[in-house]
Each structure stands twice: as structure tokens, then as C-alpha cells.
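Residue numbers (numbering that gives the first Met the number 0), protein chains in the order written: chain A, 0 to 232; chain B, 0 to 241; chain C, 0 to 271.
FYI, nobody ran anything at the bench for these hints, they're computed from the structure. Note that the structure is predicted; figures quoted are calculated from it, not measured. Do not rely on the hints blindly, as some may be mistaken.
[Stated by the list, open to error] Lysine-lysine pairs mimicking DSSO-like chemistry, simulated, CA-CA at most 27 Å apart: (1) K35/C - K17/A; (2) K24/B - K225/A; (3) K166/A - K80/A; (4) K255/C - K186/C; (5) K150/B - K105/A; (6) K21/A - K228/A; (7) K232/B - K228/A; (8) K232/B - K176/B; (9) K180/C - K255/C; (10) K159/C - K35/C; (11) K80/A - K159/C; (12) K232/A - K232/B; (13) K47/B - K228/A.
[Claimed, not checked] Take a look, some chain C residues computed to stay more than 12 Å from chain A by CB distance: (14) R22; (15) G39; (16) V59; (17) P73; (18) M94; (19) K169; (20) R207; (21) A247; (22) P254.
Idealized CB from N, CA, C, for every residue including glycine.
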Amino acid sequence: MAKEYKRADGRKLNELRKITAKVGVIPNADGSALFAFGDTVAIAAVYGPRLLHPKHMEDPTKCVLRVNYDLLPFSVHDRKKPGPSRRSQEISKVTEWALSPVVDLKSFPNTVIDVQIYIIQADAGTRTAGINAASMALAHAGIPMKNLVTSVAVGKLDKTLVVDLTKEEEDFEEGEGATDFAIARIANTDELTLLQFDGKVQPEVVNELIALSDDACKEIYEAQKKALKETLK
Amino acid sequence: MKKIKENRINEELAEEGISSEEHSKRRPVVPGEVIVSGEDYLPGDGAKREGNDIIATRFGLAEESGRVVKVIAITGAFIPRRGNVVLGRVTDITFHGWVIDIGSASEAFLPIEESPRFVSKAEMDQFMAIGDIVAAKIWSVKSKGIDLTLKGKGLGKLEGGFVFRINPNRVPRVIGKEGSMINLIKDNTSSNITVGQNGWIWIYSDSIDNGIKARRAIEFVVDKVHIEGLTEKMEEWFRENK
Amino acid sequence: MISMETSNLTKETLKKMFSEGRRFDGRGLLEFRNIKIETGISNKAEGSARVMLGKTDVIVGVKLAPGEPYPDSPNKGNLTVSCDLLPLASPRFEMGPPGFYAIELPRLVDRAIRGSGMIELEKLFIEEGKVWTIFIDIYPMNDDGNLIDASTIGAIVALKNSMIPVLDEKGMIDYDKKPTKNVPLAKTYPLSFTFYKLGNSIVMDPTREEEEACDARITFGISIWNNQYMVNSCQKTGELSFTKEEIAKIMSLLPKKFDELNEMLKTSASLN
Chain A
0 MAKEYKRADG RKLNELRKIT AKVGVIPNAD GSALFAFGDT VAIAAVYGPR LLHPKHMEDP
60 TKCVLRVNYD LLPFSVHDRK KPGPSRRSQE ISKVTEWALS PVVDLKSFPN TVIDVQIYII
120 QADAGTRTAG INAASMALAH AGIPMKNLVT SVAVGKLDKT LVVDLTKEEE DFEEGEGATD
180 FAIARIANTD ELTLLQFDGK VQPEVVNELI ALSDDACKEI YEAQKKALKE TLK
Chain B
0 MKKIKENRIN EELAEEGISS EEHSKRRPVV PGEVIVSGED YLPGDGAKRE GNDIIATRFG
60 LAEESGRVVK VIAITGAFIP RRGNVVLGRV TDITFHGWVI DIGSASEAFL PIEESPRFVS
120 KAEMDQFMAI GDIVAAKIWS VKSKGIDLTL KGKGLGKLEG GFVFRINPNR VPRVIGKEGS
180 MINLIKDNTS SNITVGQNGW IWIYSDSIDN GIKARRAIEF VVDKVHIEGL TEKMEEWFRE
240 NK
Chain C
0 MISMETSNLT KETLKKMFSE GRRFDGRGLL EFRNIKIETG ISNKAEGSAR VMLGKTDVIV
60 GVKLAPGEPY PDSPNKGNLT VSCDLLPLAS PRFEMGPPGF YAIELPRLVD RAIRGSGMIE
120 LEKLFIEEGK VWTIFIDIYP MNDDGNLIDA STIGAIVALK NSMIPVLDEK GMIDYDKKPT
180 KNVPLAKTYP LSFTFYKLGN SIVMDPTREE EEACDARITF GISIWNNQYM VNSCQKTGEL
240 SFTKEEIAKI MSLLPKKFDE LNEMLKTSAS LN
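Required output: the full structure, derived from the provided sequences and hints.
Quick look at the structure:
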């Protein structure tokens with residue numbers, strides 16, 4: 000029987016933090032966007048398709064989707080030393096896998112699409128904010144895509160299921176502790192392109208958490224769509 | 000000042016773009032969005048059929064032209080096509096020709112045989128040096144690269160003036176129906192202007208003032224989101240900016 | 000960063016235009032673009048700022064951490080200025096180890112700040128063997144020329160808005176406690192002015208297109224100290240030389256430029 004958990008910021012259990020979505024924030028880029036969940040702010044820039052250096056990385060069958068994600072040093076309380084960390088390298092790779100299923104890579108062999116994602120301010124959910132920003136930036140860059148990708152972190156605090164955890168919630172330690180589950184799906188489908196979590200969660204609850212992310216992803220999709228269409232007004 | 004008669008090539012290729020730009024009934028769509036449903040529709044550029052629906056496969060303005068439903072690109076890189084006239088910058092000279100940067104994802108190459116007159120291997124860099132600008136036609140587009148030619152009217156190395164870049168998707172409106180917009184700008188600024196399909200534009204004017212005016216006029220056209228009455232707006236701009 | 004991107008003919012045209020005092024955007028050769036400044040870019044930073052100079056967009060964050068002093072200055076805090084030219088900001092920037100310009104930029108900002116004495120490093124002493132280190136991290140978001148001058152503005156605005164974190168009994172930072180003390184700063188602060196040369200013309204605050212056509216540049220940091228204008232730092236970059244006359248002309252311009260930019264910054268309400 001789940002205790003009634005009260006969230007520190009007063010949100011309902013299945014409520015997202017305030018979403019900010021803006022497209023075209025970096026004029027030099029082919030496509031760019033900002034996406035924020037509350038205090039977590041991510042910026043993404045897309046360059047491409049373009050020539051790939053070094054040439055030996057070229058793939059004659061398709062375009063290479065090269066994703067680089069990182070935190071800016073002042074985005075976190077304990078300054079993050081500049082330069083890729085293992086964490087950022089792993090997130091770069093899972094982000095690439097989260098996005099590539101929707102991008103038509105076969106149309107541009109021997110080229111690269113560079114996706115650059117940076118976190119300006121971090122309060123948990125950084126990789127999910129990054130995926131949402133990158134998805135808008137790819138569309139803004141005119142890349143042929145079959146759909147947008149939406150991403151959110153859901154979780155379990157002891158026995159209570161919640162949507163969009165803050166850093167404080169990620170550090171929850173009572174009972175079964177905190178499980179934080181990052182999910183990405185192809186918009187309006189059940190195709191999950193990112194699945195990552197750690198903590199303590201019963202097998203059937205995993206399915207409940209995935210179902211819980213459904214409505215949140217729909218809300219995120221509406222925000223992404225609106226931000227993109229704003230630029231064509 | 001000599002006014003070169005050129006750009007017929009640009010005008011022909013602009014036709015297709017500009018007539019579709021003038022259609023109303025366009026709405027913004029994102030990838031994956033259903034544009035219309037029904038068996039009668041045919042998917043055009045930027046769209047595909049999925050069951051009963053026509054879905055957008057890119058971000059842009061969806062437009063129905065009779066049964067054909069397509070998505071017009073507003074953003075995005077230049078997609079090179081055979082026959083396009085483009086401007087480029089020489090980045091390297093090899094044994095076989097010149098490597099040209101045309102701002103596309105594939106490398107473009109001008110073989111020595113495709114220069115307008117005979118050029119011997121010894122005089123290659125005298126004919127065209129690194130950093131020079133050339134107006135060329137795309138002869139072929141293959142996965143390993145793009146081949147260019149200088150054989151054709153209005154093609155060749157450009158001298159003097161300056162080059163700047165605009166979003167390649169805006170090229171049709173800069174040229175206008177049958178060249179109407181670009182000719183309006185040329186006449187009002189006493190300038191030679193060559194517009195590459197890749198969004199690179201060359202301006203050669205009789206004075207610095209006219210060069211600046213021509214560029215700002217083109218940027219004025221490019222910046223507008225809606226293009227209704229664009230010609231009138233341009234004429235008014237020229238009156239205000241004598 | 001001074002790439003081969005500019006075409007020969009555009010460079011010739013710009014040379015001619017500059018020699019007649021003309022620019023594409025209608026500015027004078029020594030005129031700065033519009034400046035827009037925001038602060039509080041990251042609530043995890045001790046201070047932060049965003050500077051938009053035309054389309055050039057730079058964010059700067061200040062972080063403090065307790066650390067060891069350098070052996071030759073045991074009672075002084077440390078300053079480290081870093082910068083990354085992320086591929087995000089320009090099609091010209093690449094992934095990988097920093098090129099020369101990525102290394103030079105933070106060093107120019109560092110020397111301007113150090114030369115001016117803006118940060119009172121002795122007041123960053125905590126106890127024997129422990130001082131505050133100030134980290135200034137500069138991140139261009141969009142490069143449309145003149146990153147150096149924009150970054151210096153960002154650094155000093157971020158510093159002016161920075162507070163010292165609170166230490167707990169164990170000497171570790173307690174981020175839950177609200178800081179009460181500002182980073183100790185003198186009244187003096189530097190601004191940097193980079194002068195770019197093309198042909199015989201000297202130009203300031205170039206767009207990326209103009210910057211790529213220029214052959215050389217020289218950056219000066221200048222501040223007001225003891226009611227006098229003091230030039231705090233200088234660096235010439237590029238193979239081409241500057242003549243004695245050109246330097247003399249620049250020296251006569253510097254105080255005026257400092258006053259102009261200072262006024263612009265005061266009205267954008269971020270410097271007081």
C-alpha cells in the first residue's frame with residue numbers, strides 16, 4: 000500500500016515540471032533548439048548533412064549520426080571539469096541510439112549529421128531534456144525523419160511512482176529508495192528507443208512505469224510541435 | 000559598366016520553386032504528422048503514404064496541389080541536383096582538376112576537361128587559384144561526389160564584387176517569377192548578380208553604395224516569412240532607400 | 000579559426016570598402032554592434048552571464064571551490080579561465096583537442112583581469128594551506144565574430160554577480176546555505192578591445208565574415224585604476240605587422256572606446 004508521497008515542489012505525482020521549448024536559438028547551426036524541464040535546461044545544435052572528417056569514418060551505406068552530449072562546467076554545483084567524461088560518453092551513445100531510428104540515414108551516404116547537446120543548468124533529467132532538444136533541432140535542420148522523439152524520466156520513490164524527478168527526488172533514500180528510469184519513444188507510438196534505469200523495481204512495476212510515461216510524452220510532443228511551428232508563423 | 004546578360008539558367012530553374020511558393024493553403028507540419036487521409040492522394044516531396052494517411056517526412060509547409068501532397072522545405076541543407084547552377088570556392092588543385100566547396104555535404108570537383116577552354120596542367124592555378132569563386136553547373140551527383148562543368152553560358156570564374164550566402168530554400172523567391180525579383184534588384188542597383196541554387200550569391204556593382212544596397216535588398220526578400228505582395232514591398236523598399 | 004573560408008574577391012571588396020570607411024551593416028569601422036546582457040544563466044554557478052553582441056552569443060559561468068594555493072603565493076586565491084570553442088557554435092569549430100584560438104582566448108581574458116587587479120586575490124584566503132579558486136568558464140553559443148571582446152564582457156559581468164559559497168564545519172561547500180558575501184572585487188574592471196587589420200584599415204567588432212577576411216589582430220585590456228586609464232594587457236596575433244603609427248592611433252582610441260562601451264554596459268543595467 001503506497002504511502003501518500005508529497006513532492007517538495009507541490010506537483011502531482013504524474014505532473015511534469017514546466018516545459019520550455021524554443022527553436023532556432025543558434026543562428027549558425029542548420030537546426031537548433033532549447034528544451035527545459037523546470038530548472039534543467041538543454042541546448043541542441045545540428046549541423047549536417049555535411050562532409051565527414053576524418054574520412055575513414057565515412058560509411059558508404061549511410062550517413063553517420065554523431066552525437067555529443069556534455070554538461071557545461073557551471074551547470075552543476077560541483078564544477079564539472081571541461082572535457083568528456085565516461086558518463087557524457089555513455090549518454091552521447093545512448094542518445095544517438097534514441098534518435099537514429101527516426102532519421103533517414105540512408106539518403107546521405109558518406110556524410111555526417113553532427114548533433115551537439117549541452118546542459119546549461121542541471122536538475123536531473125538532463126539526458127531526456129537533451130533528447131527532446133535534439134529531436135526538435137533535427138527537424139528544424141530539415142533532416143528527413145519519420146517522426147519526432149519524446150523523452151522523459153519516470154521513477155519510483157519507495158513505492159510511489161512519479162513523473163519527471165528532480166535531483167532532490169533522485170537522492171531519495173527511504174524504503175525502496177529512488178529508481179529513476181529514463182525513457183524515450185518515437186512520438187505517439189510504443190516504440191521505445193531509450194531505456195535506462197537503476198534502483199530497485201519489481202518486474203511488473205517496470206511495465207507500469209513505461210505506461211506512466213505515455214501521457215507525459217504526449218505533452219512533450221505538443222510542446223515540441225508548437226515550438227517548431229512557431230518559426231513558420 | 001558592362002552588364003552581362005546572364006542568369007537565364009537561374010530563371011528556368013526558379014520557375015518550379017516560385018510557383019509553388021505562391022500557393023496559399025499551406026500549413027506547417029512536423030515529421031510524422033498526418034497531412035491528409037484518403038486513398039486518392041499522392042505523396043510528393045517530403046511526404047509518404049502510410050496506410051490511408053499521407054505523412055510528413057520532414058519539417059516544413061505542407062501543400063496540396065490537386066492530388067499531390069508535398070512538404071515544402073523552409074530549412075535545411077542544399078540538396079545538389081544535376082543541372083543546378085551553383086557558386087563555389089576553390090579549395091584545392093589536384094592533378095586532375097579543382098576541388099570546389101559549394102556548401103553541400105558531398106565534395107564537388109571540376110575536372111580539367113570541363114573548363115571552358117583548354118587549360119594545361121601547368122597553368123591550372125593561373126586559370127583558377129585557391130580562394131577563387133566560380134559559377135558552375137552540376138553535371139552529375141554520385142555518392143562519391145559531385146562533378147561540375149564550366150561549359151555553358153554564364154559559367155566560369157568570377158572576378159571582382161563579393162559573395163555572400165543565404166538559405167538555399169529562399170533562392171526561388173530571390174529570383175522571382177521569370178526572374179522578376181532579381182531583375183528588379185539588378186535594375187535598381189546597377190549591379191550584376193548571379194544567384195547559385197546553393198544559396199551563394201555574387202554581386203558586382205558600379206559603386207560600394209549599390210553593392211551594399213543590392214545585398215540588403217536580397218536580405219530583405221529572404222527575411223520575410225510571408226511572400227504575398229513581395230514585389231510591391233520590394234519596390235516600396237527601393238523608394239524608401241534611394 | 001582564421002580559416003580559408005573567405006574568397007579572394009570578397010576579401011578585396013571588403014578591403015576597398017574598409018578603406019572608404021564602409022561596412023555591409025552600415026556601421027562605422029570602430030563601432031560596436033548592439034549589446035544585450037543577461038545574468039543568472041545557471042543557478043548552479045556562483046555567478047553567470049550571457050552576452051549577445053549582434054549575433055555573437057557567449058555564456059560565461061563562475062564557479063568557486065576551496066583548494067590549495069600556489070607555492071609562491073600562499074596567501075592568495077587562484078584564478079583559472081577556460082574556454083571551449085564547441086562545434087555547437089560554428090560550422091568552423093571541430094571536436095577534438097583545442098586549436099590555437101581556443102587556447103588563446105581564455106588567456107587573453109585572464110591577463111586582462113589579472114592586469115587590472117579586478118579580483119582581490121588576497122581576500123580569497125580561507126586558512127593556512129586553503130584558498131578559494133575562481134573558475135571562469137567561457138562558452139560561445141554562436142560565433143558571429145569578435146568572441147574575445149564579448150567573452151571579456153561576459154567574464155566581468157559574471158564576476159560582478161558572483162557570491163562566495165558557504166563552507167560547513169568540515170570545510171566543504173554547503174550548497175543548501177544561501178551565500179551572503181560577494182566575490183571580493185576592486186572597483187576596477189577591464190574591458191578588452193581587439194583591433195583587426197585588413198590592408199591599411201583598422202576595424203573593431205567584426206562580424207564573422209569580416210573577421211575571416213582580416214589578416215591580423217591585436218587585443219588590449221584596459222581599465223580605470225586610481226582615476227587613470229591603465230592598459231593592462233596586450234597581444235598581437237597573426238603574421239602581419241602593425242606599424243608604430245597604427246599602435247599610436249589605437250592608443251588614442253582606447254580610452255574613448257572604454258568610456259563608450261562602459262556607458263553601453265551601464266545602461267544594460269549589469270554593471271554598477
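Structure-based check of all given hints:
1. K35/C - K17/A: With Cα atoms ~26 Å apart, K35/C and K17/A stay inside 27 Å; holds.
2. K24/B - K225/A: Satisfied, since the Cα-Cα distance of roughly 19 Å is no more than 27 Å.
3. K166/A - K80/A: Answer holds: K166/A to K80/A is near 20 Å, not above 27 Å.
4. K255/C - K186/C: Holds, at roughly 19 Å.
5. K150/B - K105/A: violated, 32 Å
6. K21/A - K228/A: holds, 10 Å
7. K232/B - K228/A: Status holds; Cα separation ~25 Å.
8. K232/B - K176/B: Holds, at about 15 Å.
9. K180/C - K255/C: violated, 33 Å
10. K159/C - K35/C: holds, 16 Å
11. K80/A - K159/C: At roughly 23 Å apart (the allowed maximum being 27 Å), K159/C and K80/A satisfy the hint.
12. K232/A - K232/B: holds, 19 Å
13. K47/B - K228/A: Satisfied, since the Cα-Cα distance of roughly 20 Å is no more than 27 Å.
14. R22: Nearest chain A Cβ is 19 Å from R22/C, so the label holds.
15. G39: About 10 Å separates G39/C from the closest Cβ of chain A, which leaves it inside 12 Å; violated.
16. V59: violated, 8 Å
17. P73: At roughly 23 Å from the nearest Cβ of chain A, P73/C sits farther out than 12 Å, so the non-interface label holds.
18. M94: Answer for M94/C: violated, closest chain A Cβ roughly 7 Å.
19. K169: holds, 15 Å
20. R207: Nearest chain A Cβ is 8 Å from R207/C, so the label is violated.
21. A247: holds, 36 Å
22. P254: holds, 33 Å
Hint check: violations occur at hints 5, 9, 15, 16, 18 and 20; the rest are consistent with the structure.
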